[in-house]
Amino acid sequence: MAAWVETLLILLTLTNLTLVAMSRLGACIRTVALQGIVLGLLTICVHPHTPSLYVLLLAGGSIGLKSVVFPLLLGRAMRDTHIRHEIEPFVGYGVSILVAALALPVSFWLGSRLPLPRPASTLIVPLAFHAILTGLFLIVSRRKAITQVLGYLVLENGIYTFGICLVQESTLLVELGVLLDIFVAVFVMGITIFHINQEFNHIDTDRLSALRD
Amino acid sequence: MQAVVSIIHWLVALALAPLLLGIIGRTKAFFAGRTGSPFLQPYHDLRKLLGKGAVYSHTTTWVFRAAPMVGLGAVFVASGMVPFGGSPAVIEFPADLILVVYLLGLLRFATVLGALDTGSSFEGMGASREVQFSALAEPVLLLALATLGRQTGSYSLSTIFVDIAEHLSIHAGPAMLMGAVALLVVFLVENARIPVDDPNTHLELTMIHEVMVLDYSGPDFAFVLYGAALKLWVLGALLVGLVIPVHVGIRLIDSLLFVLGMFALAFLVGVIESCMARLRLLRVPQMLIAAGAFAIFALVLVLRQT
Amino acid sequence: MQLLFVGVGLLLASGLVCLMLSRRPRAVAIVGPAGAVAAALLGIVPALRVVGGEILPPVQWAWSVPYGSLTLALDGLSAWFLIPVLVVGGLAAIYGARYLGSYARYKALGPPWFFYNVLMASMIVLVLARNGMLFLVAWELMSLASFFLVMFEAEQESVRRAGWIYLVATHLGTAFLLALFVLLGQQAGSLDFALFGKTGWVGGRAGLLFLLAIIGFGTKAGFMPMHVWLPEAHPAAPSHVSAVMSGVMIKMGIYGIVRTLTFLGSPAAWWGWVLIAIGLTSGLLGVLFALAQHDLKRLLAYHSVENIGIIALGLGVGILGQVCGSPVLALLGFGGGLLHVLNHALFKALLFLGAGAVAHGAGTRDLDRLGGLLRRMPVTGVTFVIGAAAICGLPPLNGFVSEFLVYAGALHGIASLPVSVMLSLLAVVPGLALIGGLAVACFTKAFGIVFLGEPRTPEAAGAHEVDLSMRLPLVLLAAGCVGVGLLAPLVVGMMAPMLAAVSGVDATATGESLAGIRSLLGQVAASAVLLLAVIAFLAACRRRLLAGRPVTSAPTWDCGYAAPTARMQYTASSIAQPLIRLFDVFLRSRLDLSAPRGYFPQDASLHTDTPDVFQEHLFQPTLRAGGRLLAGLHWLQHGHVQVYVLYIALALLAALVWKLG
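Note that the protein sequences, when read in sequence, are chains D, R and E.
According to the numbering used here, the residues represented by the first sequence are 1 to 213, in order.
According to the numbering used here, the residues represented by the second sequence are 1 to 306, in order.
According to the numbering used here, the residues represented by the third sequence are 1 to 661, in order.
Don't read these hints as lab results, they were simulated from the structure.
Note that CB positions come from ideal geometry on N, CA and C, so glycine has one too.
Keep in mind that a hint or two might mislead.
Unchecked claim - In silico negatives: residues of chain R with every beta carbon more than 10 angstroms from chain E:
| no. | residue |
| --- | --- |
| 1 | Phe30 |
| 2 | Leu142 |
| 3 | His247 |
| 4 | Val248 |
| 5 | Met276 |
Said to hold, decoys possible - As a list, the in silico SDA-like pairs of lysine to any residue whose alpha-carbon atoms are at most 20 angstroms apart:
| no. | chain 1 | residue 1 | chain 2 | residue 2 |
| --- | --- | --- | --- | --- |
| 6 | R | Lys52 | E | Trp557 |
| 7 | R | Lys48 | E | Val551 |
| 8 | R | Lys52 | E | Leu546 |
| 9 | R | Lys28 | R | Asp254 |
| 10 | R | Lys48 | E | Pro550 |
| 11 | R | Lys52 | E | Lys198 |
| 12 | R | Lys52 | E | Gln187 |
| 13 | R | Lys28 | R | Leu252 |
| 14 | E | Lys198 | E | Ile215 |
Given the sequences, and given the hints that come with them, work out the whole structure.
Structure, rendered in structure tokens:
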């Protein structure tokens, strides 16, 4: 099982790396959906001996929400607002990949410093960190509101992965709470984006700064 | 005994290198639904070119004439330094991988100067692109090789590739795979293959490597072609040595496996060329940086084990 | 030793004679270089003997300066740095005789030769000095002499500006050195080097001293970001002076750092990290800025920053080797770094002299106004391409050997050391590779645009080869580059005693590790010989194949366009443009583009300018802020001599009160 866990974790990181390099919005949404599936499988693999209802519920919920509902919502927001499919980042793709790649050693170093109980694999903590860092980077460096939502999702995926390795009982509660938050966030974002778009005909966040007064 | 085997391997590599070009061409023809030229076409081309006279541009100087010889010499020595699968190379010493990389650098230096010597703006354009992409490919290549060095605890190409089989565990698998991806990208970039450069294009504006050798003819061009084939072999051998680290223990079978691996790589290149388009030039550095990210990831995974 | 003293005496005497004969350019052009060459020939004898293992006793005279003593000694380290001083100094003097001759009609040649010889003498004394006071005096003499040499063409605005930047920068550096020596002397109780080494330095104090040395000496060496004076001053000086400054004088900064390291005893790991970080920054940004330059000498000056970075990388790797107690790593690092000192002196002097020959022969240093010079200046061209390949670190030349040692050290560490120590080494390998790749881009551009293709302007078309006395140093330096490359095992063997002293590894461990390194370099050299043999074989094949077959000449294939002109060739700016755009994050190039418009465009132009980022965004704002701050004190100065005398009297009085009170 450990091998599966590691493979899934590496897949997760690879999706993160692709995400920073991608220029098409639709592909980005699909990649985040793929991440949801990976995380669902990961949940099952981490708890192989206790295929309890909780775990299955968590995995199913995660897959359902993250790889079906959210992508559909975001896809609709994208279609309805007729935004351009290019991502238009503040930071170029090359630099983005480099930053994401250099975040790897950093997160491994951070991971080795944390006094945590020994998780199922030594990869979990650092790669979860990496997902969090990547999510933050996506939020900071991308222009469109939708990409920022994607960044939040990646960030949440990182926290989720983190949660897996920690205390197993309370995971479900914490996780459900976070999922709910994100769900509301996506929902609100979707509505806001729609309205902003109707109002201003674009959803570039940097141009929203004109509203600050 | 080992020395004799290594020399035989070197000779085999020197002899088979142009065949890789033939396989690539044939694969592409197959995918395009044509019969294509025979596998041995590159050999016929070389023989024909060696038998011809030469035409030189008025502008050129001795640099233009010396460049193919220096380039071929460099890649020839480099071909004597890459291991033949799991069998050590003729020339091997610690840190020899640096010499291999810098010999390829010498080849590039010579080719680029030869191109600039013609004074053609097209060749200048090719030169500019070549130095740009190679400057980015070199660190990726060395980072990937350093990762393998860390994994095997040695830093000579021959030791790395002889030992790599023993060091592969289930944990090392993903790391090695990612190293292989990085090496594949470097392989495609350095050998001017699709998705970076199209060796068969007909528009000088879009070429990188081919445009730099536009003005060569006769024996000089034969040197250039053979040098390109050898370079394909040198970089391919690194990739195949990593991907097929099986050692049966019987020399002949190991060698055959390796040669088959090289042919498979050539076939793969043909497949990639048939079903991918060229990237925009602006995208190539991004691809190289992505390869670098893979190398870094592989390295981090390797470091975690220790 | 005596020979060296005679050499220094000759330098000073000939310099003074030059100053007195200033009216007679012919005599000056003989006396000045003759003094330099004689001193070089005299001095090289003891230098080589000491490098070969001989031990000379130190010489000491009393000196009536407080804390000063005329203590001079020649050990392995001094001798190693003395060799480039003498070799490059002597050869550049031969070159300079003819080069300066073209200025004889409207300029007095006495002063430049006086300062040139003083510069050489001060560098000799500098590496021999074993007393802090003497060291600083020599240091200051070196800085001042080179300042006056930079100001040779002071009638030009740009040269004056470069000179002042240099003067300010070098004195800022000296201020840190003063602090360094005061702190060293305070604890040791004397300014004699012998006592510095015996004092045990601990933790924080040693770290502070190390940082002071890095900033103080690093300013002279040209570490980023203290390098800002370098790309200004080196191109402004006459070419043979640029060669000495770039090839030798900045190495005195490296000498200072290595010498300080020998005082400080066992280093801390973070020293190595600092040096590696500085090395990578200087190396990468140096070569990137070089790539963006249009002026051949400015390009070379930025490459000096790059090569100093490689030297710093070597030293950093060596320090890490010391820290982890790995003699192989220490020797590879220090060996690579210190060998690169010699190598860089050889090829950088060669390239600067070559650039001078180009400026002399074609009348411009602007890359985009040159072209096709190889036909017109064959010797300069051949030697320049050798230097270019050497500086790119390509085998079989000398640059490869020293970079190879640094690489080998880093790879050795990566393969064998624990993770915590070797992480920084992991940055060295791809970093050096990127530097090397960009250097190839830069020098194929420099050589290709200047020497290959068709001449872009009438000046370039009318270029002529320089005189024998200017070609001779070029040829000798190029031979040096090839020689050190092929004889690397011997050269590294000669470095053994010095390396043992610097790396602090005991003799037996040094011996074993060095034997390994030498056999390694033997194999590299054998591969290099094989390479040359293969090339020769191919040349013979080609000759045979082409014999008796038609070899014709035709215009360059230009895709069917029938009337190409020289101006349609790719230019230096266009070759560098993709890379510059890729790294624009660091470079911040200014682009001035008027794009072609319409179907029949008339005018279109593109102009790029890449000013130094550190100067624009770090030093100028800081200095301006400092200027505003100090403007508040402006009332102190109003031009009345009486008031100034009053200040002096008050200051003296205050000092007296403080001392006696």
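Tested hints:
{"no.": "1", "hint": "Phe30", "verdict": "holds, 31 angstroms"}
{"no.": "2", "hint": "Leu142", "verdict": "violated, 4 angstroms"}
{"no.": "3", "hint": "His247", "verdict": "holds, 21 angstroms"}
{"no.": "4", "hint": "Val248", "verdict": "holds, 27 angstroms"}
{"no.": "5", "hint": "Met276", "verdict": "holds, 22 angstroms"}
{"no.": "6", "hint": "Lys52/R - Trp557/E", "verdict": "holds, 19 angstroms"}
{"no.": "7", "hint": "Lys48/R - Val551/E", "verdict": "holds, 16 angstroms"}
{"no.": "8", "hint": "Lys52/R - Leu546/E", "verdict": "holds, 8 angstroms"}
{"no.": "9", "hint": "Lys28/R - Asp254/R", "verdict": "violated, 28 angstroms"}
{"no.": "10", "hint": "Lys48/R - Pro550/E", "verdict": "holds, 15 angstroms"}
{"no.": "11", "hint": "Lys52/R - Lys198/E", "verdict": "violated, 74 angstroms"}
{"no.": "12", "hint": "Lys52/R - Gln187/E", "verdict": "violated, 78 angstroms"}
{"no.": "13", "hint": "Lys28/R - Leu252/R", "verdict": "violated, 30 angstroms"}
{"no.": "14", "hint": "Lys198/E - Ile215/E", "verdict": "violated, 24 angstroms"}
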